[in-house]
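Peer 1: The chain contents come next:
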Amino acid sequence: MAPAPIIQINNLSKSYGALHAVTDLNLEVFTGDVFGFLGPNGAGKSTTIRMLLSLIKPTSGSIFIFGKNLLEHRNEILRKIGCIIEKPDFYLYLSAVKNIELFSRLSGFHPSAKKIDEVLELVGLKGREKDKVKTFSHGMKQRLGLAQTLIHDPELIILDEPTTGLDPQGIIDVRNLILHLQQDLKKTIFLSSHILSEIELIASRMAILNKGKAVAQGNVTELLSSQELLVTIESDEVEKAMQWINNSSWNKNLESITEQHINFKLSKNEIPDLTVALNEAGIRYFSISYKRTLEDYFLKLTQEHDRSHENTNRRKK
Amino acid sequence: MFNLVSIELYKISRKPRSFIGFGAISVIVLLIELALYLDGQSYVQFIIQQVEQTFQIGGKIINGNLVTYILLQTLIVQMPLLVALVTGDLISGEAAAGSIRLLATKPVSRVNIVLSKFAAGSFYTLLLIIWLGLLALGLGLLIFGKGDLIVLNSDHISILRSSETLWRFLNAFLIAFVSLSVVSSLSLMLSCFTDNSIGPIMITMSIIILFTIIGTMEIPLFDVVRPFLFTTHMIVWRSMFEDPLPVNQVITSVGVMLFHIALFLSLAIFYFKRKDILS
Amino acid sequence: MKLFFIQLKVKHHLITVQMAVWLFFFFSGYQLSAQSPNQVISTVNQRFANVNDYTADVNVNCNITFIKIEPVNAKVFYKRPDKFKVKSTGILILPKQNANIYFSTLADTNSFTAVKTGEEMIGTVKTHIISVIPSKDTSDLVLGKFWIDDLRGLVLKSQLTTKSQGTILIENTYGSMSNYALPDKMLFTVDVGKFKVPKALAVDLNRSANDKSKTGDGKGRITLTFSNYVVNKGVNNEVFK
Chain A
1 MAPAPIIQIN NLSKSYGALH AVTDLNLEVF TGDVFGFLGP NGAGKSTTIR
51 MLLSLIKPTS GSIFIFGKNL LEHRNEILRK IGCIIEKPDF YLYLSAVKNI
101 ELFSRLSGFH PSAKKIDEVL ELVGLKGREK DKVKTFSHGM KQRLGLAQTL
151 IHDPELIILD EPTTGLDPQG IIDVRNLILH LQQDLKKTIF LSSHILSEIE
201 LIASRMAILN KGKAVAQGNV TELLSSQELL VTIESDEVEK AMQWINNSSW
251 NKNLESITEQ HINFKLSKNE IPDLTVALNE AGIRYFSISY KRTLEDYFLK
301 LTQEHDRSHE NTNRRKK
Chain B
1001 MFNLVSIELY KISRKPRSFI GFGAISVIVL LIELALYLDG QSYVQFIIQQ
1051 VEQTFQIGGK IINGNLVTYI LLQTLIVQMP LLVALVTGDL ISGEAAAGSI
1101 RLLATKPVSR VNIVLSKFAA GSFYTLLLII WLGLLALGLG LLIFGKGDLI
1151 VLNSDHISIL RSSETLWRFL NAFLIAFVSL SVVSSLSLML SCFTDNSIGP
1201 IMITMSIIIL FTIIGTMEIP LFDVVRPFLF TTHMIVWRSM FEDPLPVNQV
1251 ITSVGVMLFH IALFLSLAIF YFKRKDILS
Chain C
2001 MKLFFIQLKV KHHLITVQMA VWLFFFFSGY QLSAQSPNQV ISTVNQRFAN
2051 VNDYTADVNV NCNITFIKIE PVNAKVFYKR PDKFKVKSTG ILILPKQNAN
2101 IYFSTLADTN SFTAVKTGEE MIGTVKTHII SVIPSKDTSD LVLGKFWIDD
2151 LRGLVLKSQL TTKSQGTILI ENTYGSMSNY ALPDKMLFTV DVGKFKVPKA
2201 LAVDLNRSAN DKSKTGDGKG RITLTFSNYV VNKGVNNEVF K
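Protein chains in written order, with the numbering used here: chain A, 1 to 317; chain B, 1001 to 1279; chain C, 2001 to 2241.
Think of the hints as simulated: they come from the structure by calculation, not from any bench.
Note that the coordinates shown come from a computational prediction; the quantities given were computed from them, not determined experimentally.
Just so it is clear, CB atoms sit at the ideal spot from N, CA and C, and this is done for glycine as well.
Do not take every clue at face value.
Now the stretches of chain B that chain A is said to cover, found in silico as 3 or more residues with beta-carbon under 8 Å [claimed, not checked]:
1) 1051 to 1060
2) 1105 to 1112
3) 1187 to 1195
Partial selection, computed: residues in chain A whose CB lies under 8 Å from chain B [what the hints assert, rightly or not]:
4) 17
5) 19
6) 90
7) 93
8) 181
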């Protein structure tokens, strides 16, 4: 029997008058997932997350978390959730420690000083415990937001753009933290992000939202493995290679050429075949690489959805 | 709930603006007490001039009780503003700062959020009143001593014996607390409607000023609405110094004010419960 | 017959005695009714001349339309010739004239002209009505009218008309201290006007016109009730500061 989802969204919609922010969304997140929630600006990601956290009332549909209806068991559910919604805003006139203490007390948790110190150290804020939050940079507030999310040891962690404002090291730290939470502490993480490469690295399942609707949903590897890659070959015999390509079946996969690079659109499984063919054709190359899978997939899906949406609107008119 | 209220009280105690009220009261009280200490006789002359045309007034007119009474009259305009300054910011201030997002995702009901903020705001109001009482009455009695209290009525002067002024003052302070709780509940309600902290404070004061103007202008059209305005009843604390005490009027006014508190709170809860938090 | 003449002689003696007594009282009365106003006033002055100083407890009770005040107890101090002080812990409303108004008014018989304007019974006591007109224009007193019981040398009633304070009626009741012309009770009655203050200053803002207190008879009354007189035992001058 399939495990019950930790988050189940059924036919969820939210409208503001004529504006449909989320339309008929269905989504499942399972225990232990790192669930990536993607979409362009205005797709409805934040609206969906706010509905998950009861900041916004749905126009229709239902949300079940931990198997319970959010409307009926709100407090019980929220007690087991830690979250960051957009940029984390704290009480600027209070210290980091005091903010953590106050918000965790609201979750029904009274952390010891030692526990607070541990969490602050985990997010890289050791030594700044007693400083007022108004002295913090944006990145430091983001780290404090993470600390606030984790302090009461929640089962489900919802993160809306958790790496915004962080430096490269900070982004890596957050990535490692998420992986640690998922793999070692068995947490379920629901996160939205614009940094698609990060999602690709850490998410196990994902959904892509566009104009309030889910355009794709499922296991990241499965979704992406069926997609074509952009394979780049670096060579000093581009002309010779072009002659060979034009006369071979690889012509249909040719994407573009530059002075020293030849780009193919291939599935991952086709890469070994290409290297064998190049070797047999005697074409010299320095390297073969591929990149940006999720970005391509994302852009392709959203553009397709936009076109379909426009056609639908035209037909209605 | 106690947990929530204590958190709200802590937040209020750490905001710099919370001390404006105490500071303002301190400055006003000390200034007026100093002025009356130096030249109170001239001020008192105004009160007793009609009586002194025909009689002479013996005894200690300027005393702690009279000074406190004068201070209460003076502060009647400032106190609602000092209260609204804090209570009007309780929800809208968090919305403006963004902390409302985190607060509203915590496992506490929105009803309890509003009620805890009202309770904390009320406690703050109570502290303001206690501070006023300590400075005005406590310091006043210390500097000026005890004595009978001369009170102006519209058509006569009452002289209340020193032995009965304390309970009158205590009850006046209590009624003033109820009056200011109307202000705090109104400003809290307005605070739910907006995401900026200045708006609720300004609107609260505008409403109070407008209703006060309607209440004091002798226009027959306003006679109909006057009994229903909370500002008409907010000044009933003065009736604690009437002799005999108009008990029915005091009870009625306190009842009207309690009704307004319940009304404003209910509207605040109703709106905040349904509000989409977008800030 | 002899007995008849003896009885007749006794009767004659009795009648003579009666006539003598009657004549005595008649002429006495005639002597009294013939006293000058100054002589009447001097009976009062003689009484009060016995008082160098006194202290007393006084209860001040006001019945004034526009003043609501409970009766208050105070202490009164007097020292010849004109030191007078009322002290209390509470606020009290007093007449502008002090309780020894007569003595300061009547003491110097050269400063006024006294005219007897009639007689009146106050209760069972016959009093002479003496009108006093100050000699000097600068005097605050315009006209003083005194109802004097010259037998006891006591002023039972007075009506004073002054430039600064209008007309006041003072009625006295005497008891054990009448020897010193110190009253047990003094009732001051003055004319009072209406009392008005700006509405914003009044506590009773919400009272309607119907609720307001009645206007009264336009008179204000203050009753001073004296007790525990201590006379001629010395009073420290510090008390009057």
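Peer 1: Now tell me, hint by hint, if it's right for this structure.
Peer 2: Structure-based check of all given hints:
no.	hint	result
1	1051 to 1060	violated (count 0)
2	1105 to 1112	holds (count 5)
3	1187 to 1195	violated (count 0)
4	17	violated (13 Å)
5	19	violated (13 Å)
6	90	holds (6 Å)
7	93	holds (6 Å)
8	181	violated (19 Å)
When held up to the earlier numbered hints, the structure conflicts with 1, 3, 4, 5 and 8 and fits the remainder.
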